[in-house]
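Here's the letter readout for the chains.
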Amino acid sequence: MSTSRDLAARLRPAATSAIGPDGQERRLVTLAAVQRIAQQTGASRREVEIAALREHILPARYERSLGTVGWEGQIKLLESTVAVVGAGGLGGWVIEGLARMGVGRLIVIDGDVFVENNLNRQALCTEGALGRPKAEVATERVAAVNAAVEVTVYVRLATAENMAHLLQGAQVVVDALDSLPTRLMLQDTCRALGVPLVHGAIAGYLGQVTTIFPGDAGLRALYGDVVPEHGIERQLGNPAGTPLMVAAWQVQETIKLLLGSGEPLRGRLLLLDAEAGTAEIVKLG
Amino acid sequence: MITVQVRLYATLRRYRPEVKLGESLPMELPESSTVGQLIARLGIPTRVVKNIFVNHRQQGPEYVLQNGDEVAIFPPVAGG
Numbered sequence: 001m002s003t004s005r006d007l008a009a010r011l012r013p014a015a016t017s018a019i020g021p022d023g024q025e026r027r028l029v030t031l032a033a034v035q036r037i038a039q040q041t042g043a044s045r046r047e048v049e050i051a052a053l054r055e056h057i058l059p060a061r062y063e064r065s066l067g068t069v070g071w072e073g074q075i076k077l078l079e080s081t082v083a084v085v086g087a088g089g090l091g092g093w094v095i096e097g098l099a100r101m102g103v104g105r106l107i108v109i110d111g112d113v114f115v116e117n118n119l120n121r122q123a124l125c126t127e128g129a130l131g132r133p134k135a136e137v138a139t140e141r142v143a144a145v146n147a148a149v150e151v152t153v154y155v156r157l158a159t160a161e162n163m164a165h166l167l168q169g170a171q172v173v174v175d176a177l178d179s180l181p182t183r184l185m186l187q188d189t190c191r192a193l194g195v196p197l198v199h200g201a202i203a204g205y206l207g208q209v210t211t212i213f214p215g216d217a218g219l220r221a222l223y224g225d226v227v228p229e230h231g232i233e234r235q236l237g238n239p240a241g242t243p244l245m246v247a248a249w250q251v252q253e254t255i256k257l258l259l260g261s262g263e264p265l266r267g268r269l270l271l272l273d274a275e276a277g278t279a280e281i282v283k284l285g
Numbered sequence: 001m002i003t004v005q006v007r008l009y010a011t012l013r014r015y016r017p018e019v020k021l022g023e024s025l026p027m028e029l030p031e032s033s034t035v036g037q038l039i040a041r042l043g044i045p046t047r048v049v050k051n052i053f054v055n056h057r058q059q060g061p062e063y064v065l066q067n068g069d070e071v072a073i074f075p076p077v078a079g080g
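Line order of the protein sequences matches chains A and B. One point on numbering: in my numbering, the residue at position 264 of the first sequence is 264, and numbering is uninterrupted. One point on numbering: in my numbering, the residue at position 67 of the second sequence is 67, and numbering is uninterrupted.
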């Protein structure tokens with residue numbers, strides 16, 4: 001184990017100077033240097049990046065996030081845990097986005113394997129991944145995009161019995177499920193755990209997003225207490241652009257919640273109708 | 001009589017195919033009509049309606065409509 005002082009001592013000479021967009025000089029550390037220091041010290045990539053940020057040395061990979069999230073914000077993200085429930089259409093893009101933002105720990109829960117009809121829209125589904133567990137492929141994708149992110153994977157369906165246990169430690173949970181009864185169960189579990197839930201759902205050209213805090217009516221206002229398994233997505237299917245459109249908003253909501261910045265879509269439902277070319281906010285409950 | 005503006009979404013558009021995408025349908029109703037009565041007038045079976053928003057606020061079928069109300073009617077959206 002190396003102390004943060006050891007890491008700082010190795011990071012300082014590894015840093016290079018660059019002029020930031022504000023005209024100020026800033027210190028950067030490259031991916032190669034972060035990898036080398038992690039290897040030399042036995043620290044994780046995540047720990048090295050946090051140590052760098054504390055020294056005001058920016059891992060170059062976050063250069064274009066800095067203006068939005070700030071130094072403290074990037075540290076906060078790397079120290080955060082987010083659970084993504086479902087690694088299909090919405091979940092794949094959400095996982096991709098959170099990994100690129102440097103959310104330090106992801107919990108990914110999905111019991112399914114990829115099948116051919118996932119290829120039209122699911123970020124993690126490739127021809128080579130057919131037949132493989134979605135959650136397992138998610139780990140590989142995160143490792144390829146940002147190996148500083150630590151992933152805990154559960155290749156199993158979320159059930160009333162296991163859900164609270166699987167979500168343990170998450171500060172935000174993302175609802176990327178495709179079953180209404182499981183979504184309601186997830187909301188109840190998040191309420192019991194006291195964590196916010198970022199909901200997204202899609203069908204055809206239509207998508208919706210809302211953020212539910214513990215105690216909010218949330219999905220029960222939206223769907224009622226007795227729900228069928230599916231909605232109109234069974235008729236309309238899900239074209240490629242719709243999960244992207246909704247997952248993008250789910251990523252933004254999650255990042256804002258972790259940073260404690262911005263205004264969450266709480267008690268408000270964002271309705272995106274790409275077919276009619278409209279976007280609107282309606283009040284829930 | 002009152003007039004309300006109705007917008008139908010996704011699969012519900014088939015009940016009023018003459019309405020252009022993104023435009024609303026003006027409906028004339030007797031005073032004190034409810035959202036449920038409006039949905040019946042449109043010929044939409046209640047089982048395919050999930051959410052009703054009047055003036056951007058969620059309401060139930062018992063809501064009594066006022067002249068000029070904007071009503072959005074949604075089927076259930078649940079894909080992931």
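A few of these clues could be false.
Stated by the list, open to error - Below, simulated BS3-like cross-link-like pairs (lysine-lysine); rule was C-alpha separation at most 27 Å, straight line: (1) Lys256(A) with Lys283(A); (2) Lys20(B) with Lys256(A); (3) Lys20(B) with Lys50(B); (4) Lys283(A) with Lys50(B).
The set of hints was computed from the structure by calculation and includes no laboratory data.
Here's how the hints hold up against the structure:
Proximity of Lys256(A) to Lys283(A) is assessed by CA-CA distance (about 20 Å); at most 27 Å being required, the pair is judged to hold. Straight-line distance between C-alpha atoms of Lys20(B) and Lys256(A) comes to about 37 Å, which puts the hinted pair past the 27 Å bound. Pair hint Lys20(B) plus Lys50(B) holds up; C-alpha atoms about 22 Å apart against a cutoff of 27 Å. Note on Lys283(A) and Lys50(B): the hinted pairing holds, with a Cα-Cα distance of about 15 Å set against a maximum of 27 Å.
The structure fails to meet hint 2 from the earlier list, while all remaining hints are met.
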